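Engineer: Turn these sequences into a full structure, and let the hints steer you where they fit.
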Amino acid sequence: MAARRAEKLGYTNIKVYHDGIPAWSDAGNVLYTDGAFVEQMMGFLVLLDLRGVEAAKKAHIQGAVALELKNLEKEKSQFPIDRKAPIILYTDKSDWKELQPAVKMISSWGYSRIRVLEGGFEGWLAKNRPTQKGDVRTTIFYIPRPHPGEISGDEFMNIVKTRPADKVILDVRNKDEAAEGTLEGAVQVPLDALQGRLNELPKDKEIIIHCRTGLRAEMGYHILRNAGGYKARFLNDKITIKGKDLFCCYK
Amino acid sequence: MMNNRYRRLLIGPLLLAAGLFYGTGLASAADEGKALWGPNCLNCHNFDPKAKLIMGDFQSYSRQANLLTVKVGPRPVVVKLTDQTKLENAKGYRDITGDNALKIAFEEKPDGYYAQKVTVKPPLKVPDNQLLSTQEMEKLVALGPASGKFVLLDSRPPYRFQEERIPGAQNMPLPNFDKLTNLLPQDKGQMVIFYCQGST
Chain A
1 MAARRAEKLG YTNIKVYHDG IPAWSDAGNV LYTDGAFVEQ MMGFLVLLDL
51 RGVEAAKKAH IQGAVALELK NLEKEKSQFP IDRKAPIILY TDKSDWKELQ
101 PAVKMISSWG YSRIRVLEGG FEGWLAKNRP TQKGDVRTTI FYIPRPHPGE
151 ISGDEFMNIV KTRPADKVIL DVRNKDEAAE GTLEGAVQVP LDALQGRLNE
201 LPKDKEIIIH CRTGLRAEMG YHILRNAGGY KARFLNDKIT IKGKDLFCCY
251 K
Chain B
1 MMNNRYRRLL IGPLLLAAGL FYGTGLASAA DEGKALWGPN CLNCHNFDPK
51 AKLIMGDFQS YSRQANLLTV KVGPRPVVVK LTDQTKLENA KGYRDITGDN
101 ALKIAFEEKP DGYYAQKVTV KPPLKVPDNQ LLSTQEMEKL VALGPASGKF
151 VLLDSRPPYR FQEERIPGAQ NMPLPNFDKL TNLLPQDKGQ MVIFYCQGST
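These protein sequence lines are chains A and B, in that order. No gaps in the numbering here: position 101 of the first sequence is 101 in the working numbering, and each next residue is one more. No gaps in the numbering here: position 26 of the second sequence is 26 in the working numbering, and each next residue is one more.
Because the hints were derived from the structure by calculation, they are not lab data. The structure presented is a predicted model; accordingly, all values stated were derived computationally and were not measured. There may be inaccurate statements among the hints.
Here are some, though not all, of the chain A residues that point toward chain B, as calculated from beta-carbon distances under 8 Å [to be verified]: (1) A2; (2) R5; (3) K8; (4) K15; (5) V16; (6) I21; (7) V30; (8) Y32; (9) F37; (10) S112; (11) N174; (12) R216.
Residues of chain B placed beyond 10 Å of chain A at every Cβ, according to the derived structure [said to hold, decoys possible]: (13) P39; (14) D48; (15) G92; (16) R165.
Glycine residues also receive a C-beta, built at the ideal position from the N, C-alpha and C atoms.
Structural biologist: Next up, the structure:
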């Protein structure tokens, strides 16, 4: 641990903020984020330009939504349902003290991943990161970043309907869940038995895994990846099958 | 200015290459054993080829299937839980979060890894006189390192620092501590504050 190593070097006034980032963030304090992170996550963030629409029209970060800092409270209803959505705030310089009240307010709404872009729009420009001019969005939209191996709801439904010969659907739910209804032609292997029954799965077809919420399907995907030799993707979404009725894909 | 679509095109093959690497078999039993120890765990623990251990970070738990996913570096490993599996330092699997490091003693069977004991990493002990509360931190951060006469160091890996950091912090990842001592103040009596992801 770093504190012990510094002690060995002779430092005498060492402090440890042991509760660290989670406690700092839960208390509604500002965390800075780097432009490099924002660029890497582009398209899968709620990126708020709080300089207002007029300033944003002149130039804004690609994908940003322009809102007025002073009117932010009124926009609560259009924030995403997913409280874990990464929310990035910026102004010209993004001084954290200026944005502290906004961070505290959004945090009090239940959001846990709020960050302030360090250096603000000026810092973004200085690094020549991508910007846009002209029209800017004024309504929030949020698409979560897909996990590796995730298949879209649309593509999954299309496979269920057309049943292409090069794909097989794998249902990893338990027997009692499968008893209520299954997809036609799906291979049934409860997740806890999957590792021992890999020989029942084809290596020459793509395996499309589903469960009820996406959690077990993702674990199944990792089991196949670790086993090697399988081509697979999984549905990371809720799906309910009752007899012949199928309710799916909420993302 | 770099086009965003171009960048996605670049990421694609990288992910593919990582996937291919991740799918390939491993050379020897010792390599295989070491592949179950996360790189962060190796900062403090010496690899023991005789110990049948998986060391990594909690990723997910399914009550329905009684399985646990542990991230060993970038690789998720799925482990089976049974009625015999012991759990240490947590009330239930649902209390474990993404910030928890796990040590799992396991038995390997043809149908997977069976956990014998799951140990949640307990927080390291810090002497009381060195501990800072969130309120004390808020006051210091508001002053800033210059006026508050302190150095604030984030011990987490660079990718975590890039994602989020306390204003005024500098990154001093623990594995590179010895190479980054220039970040420490000249005056050994000056206040030096360390933090990381939580009570680790």
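Engineer: If a hint holds in the structure, say so; if it doesn't, say that too.
Structural biologist: So, going through the hints one by one against the coordinates:
1. At about 5 Å, the closest approach between the beta carbon of A/A2 and any beta carbon in chain B falls short of 8 Å, and the interface hint on this residue holds.
2. At about 5 Å, the closest approach between the beta carbon of A/R5 and any beta carbon in chain B falls short of 8 Å, and the interface hint on this residue holds.
3. A least Cβ separation of about 10 Å between A/K8 and chain B goes past the 8 Å threshold, and the interface hint is therefore violated.
4. Interface restraint check: A/K15 against chain B, minimum CB-CB distance 5 Å, threshold 8 Å, status holds.
5. For the restraint placing A/V16 at the interface with chain B, the shortest Cβ-Cβ distance is roughly 5 Å, inside the 8 Å limit, so the hint holds.
6. At a threshold of 8 Å, the smallest CB-CB gap from A/I21 to chain B is about 6 Å, leaving the interface hint in force.
7. Checking A/V30 against chain B: minimum C-beta separation of about 6 Å stays under 8 Å; hint holds.
8. Checking A/Y32 against chain B by beta carbon gives a least distance of about 5 Å; that is within 8 Å, so the hint holds.
9. For A/F37, the suggested interface contact is upheld, since its CB lies about 5 Å from the closest CB of chain B, less than 8 Å.
10. The interface hint given for A/S112 is violated, since its Cβ lies 11 Å from the closest Cβ of chain B, which is over the 8 Å cut-off.
11. With a cut of 8 Å, the hint placing A/N174 at the interface with chain B holds, because the nearest CB-to-CB distance is about 6 Å.
12. Because the smallest distance between the Cβ of A/R216 and any Cβ of chain B comes to about 5 Å, under 8 Å, the interface hint for this residue holds.
13. For B/P39, the non-interface assignment is confirmed: its Cβ lies about 17 Å from the closest Cβ of chain A, beyond the 10 Å cut-off.
14. The claim that B/D48 is not at the interface with chain A holds, since no C-beta of that chain comes within 10 Å of its own (minimum 21 Å).
15. The Cβ of B/G92 lies farther than 10 Å from every Cβ of chain A, with a closest approach of about 16 Å, so its non-interface assignment holds.
16. Separation of B/R165 from chain A is inadequate, the least Cβ-Cβ distance of about 5 Å not exceeding the 10 Å criterion.
When held up to the earlier numbered hints, the structure conflicts with 3, 10 and 16 and fits the remainder.
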